[in-house]
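Chemist: Line by line, the protein sequences give chains A, B and C. Note that the first sequence covers residues 1 to 146 in this note's numbering. Note that the second sequence covers residues 1 to 146 in this note's numbering. Note that the third sequence covers residues 1 to 146 in this note's numbering.
Treat the hints as calculated values from the structure; they're not laboratory data. Fair warning: there could be bad hints in the mix.
[Said to hold, decoys possible] With a Cα cut of at most 30 Å, we get these calculated BS3-like pairs of lysine-lysine:
1) C/Lys138 <-> B/Lys116
2) A/Lys116 <-> B/Lys116
3) C/Lys116 <-> B/Lys116
4) A/Lys116 <-> A/Lys138
5) C/Lys116 <-> A/Lys116
6) B/Lys138 <-> B/Lys116
7) A/Lys138 <-> C/Lys116
8) A/Lys116 <-> B/Lys138
Residue-level listing of the chains:
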Amino acid sequence: MSRSQPVQHVAQSTVTVHTRGRGLFEVTSRVADAVTASNVQTGVVNVFVQHTSCSLLIGENADPDVVGDLERFFARLVPDGDPLFRHRDEGPDDMPAHVRSVLTGVTLSIPVHGGKPLLGTWQGVFLFEHRLEAHQRKLTISTFGH
Amino acid sequence: MSRSQPVQHVAQSTVTVHTRGRGLFEVTSRVADAVTASNVQTGVVNVFVQHTSCSLLIGENADPDVVGDLERFFARLVPDGDPLFRHRDEGPDDMPAHVRSVLTGVTLSIPVHGGKPLLGTWQGVFLFEHRLEAHQRKLTISTFGH
Amino acid sequence: MSRSQPVQHVAQSTVTVHTRGRGLFEVTSRVADAVTASNVQTGVVNVFVQHTSCSLLIGENADPDVVGDLERFFARLVPDGDPLFRHRDEGPDDMPAHVRSVLTGVTLSIPVHGGKPLLGTWQGVFLFEHRLEAHQRKLTISTFGH
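One chain only, chain A, in its complex shape (with noise of 0.2 Å):
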């Protein structure tokens, strides 16, 4: 499988998803969803998020225990209320959201084949909601391709 065409689109859309506090939301919908209306074939979607204190990643979309088990793993390796940490304007659990955003990161691209996101057959996109409240988080999803 090998192609090479012109490349004739680049559509850009910002979307807005409803956290409900700590924990893992699958916006792989919402992702498919801008790129069907790029119309783009064959290329590549960057999903961004706009936020410090939230994260994107790729995960197992199909036990919901992976999703546990992640929200597990990262509240032990940077537990609330560290007292390593200095800055906690917003309390404990604002400086352990940065770093969790950190090692999990705000962007990620992903390619698109046959006009969707060329995901494995267990992947799904997250966005991982590191504060306890409840947050908007704006997405940005750009779609390069023919």
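Got chain A; can you put chains B and C on it based on the hints?
Modeler: Structure of chains B and C alone, referenced to chain A:
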């Protein structure tokens, strides 16, 4: 160094990497071959692995101790059989593989310059197999540019 | 907000960042300058660092305590001189620098909108120097779009 020219190509291909169980497998030449085949001289190449229990990273490829040390670090950070994890359908390395994949990521974008990935002198692209057993892993390589 | 127009440009430049030893160095204005020079209004910019002992991240750039806390977190997670590591040719910070680079990554893709990187209000782009001594680090900035 700065250039501005029409974008002419997007090329996409999928290759299979045969891992031999847990550890790092260098795929730099696979990425370079796909860039050569694309005829792109200046642009960006995205490498994406369609799995949730392996990952991609850019690391030092000169001293073999580095990849051994990376594996030892992740084995200690995310121990197999950790009682924290509920998802263990496929054994003690199942959930640790997902966590290691999230910590290192499944997507890399690398500049292309002079028809080659513009890596630093000591940088190599690695597929990091997190399962104990050998697997066949799919990489999608998408190259953009002119 | 959604657009679909011909892609017209790919611009690529390399800049040097002089670090002053371990810590975070903001490079947001370097990235913004490259985007301005590219004349791209809507697209994506990729930032890539050609080294294995520093990295790139997007983090909070308002409170200086945040970058100090990030450094303290990584110093505890990946201790210098850890007997786990065999690769120590360049001193006790050698292998920890490689691990920190892998955990945070060497490549970032950011949407471009209105001729600027579309960062959130509190987001800055940082080069994270992991070696104790000062270094010259090369960043390649590639901007795509129309």
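Chemist: Next pair to validate is A/Lys138 with C/Lys116; report whether the Cα-Cα distance is within 30 Å.
Modeler: The given pair, whose Cα atoms are some 17 Å apart, holds under the 30 Å limit.
Chemist: Regarding the pair C/Lys138 and B/Lys116, is the alpha-carbon distance no greater than 30 Å?
Modeler: 17 Å, holds
Chemist: For the pair we were handed, A/Lys116 and A/Lys138, check the Cα-Cα distance against 30 Å.
Modeler: 21 Å, holds
Chemist: Please work out if A/Lys116 and B/Lys116 have their alpha carbons no farther apart than 30 Å.
Modeler: Holds, because 27 Å separates the two Cα atoms, which is no more than 30 Å.
Chemist: Holds or violated: C/Lys116 and A/Lys116, Cα atoms, limit 30 Å.
Modeler: 27 Å, holds
Chemist: Can you confirm whether the C-alpha distance between B/Lys138 and B/Lys116 stays at or below 30 Å?
Modeler: Judged against 30 Å, a Cα distance of about 21 Å means the pair holds.
Chemist: Does C/Lys116 pair with B/Lys116 here, judged by a C-alpha cut-off of 30 Å?
Modeler: Within the cut-off at roughly 27 Å; holds.
Chemist: Is A/Lys116 within 30 Å of B/Lys138, Cα to Cα?
Modeler: It holds: about 17 Å lies between the C-alpha atoms, which stays within 30 Å.
The earlier numbered hints are all upheld by this structure, with none contradicted.
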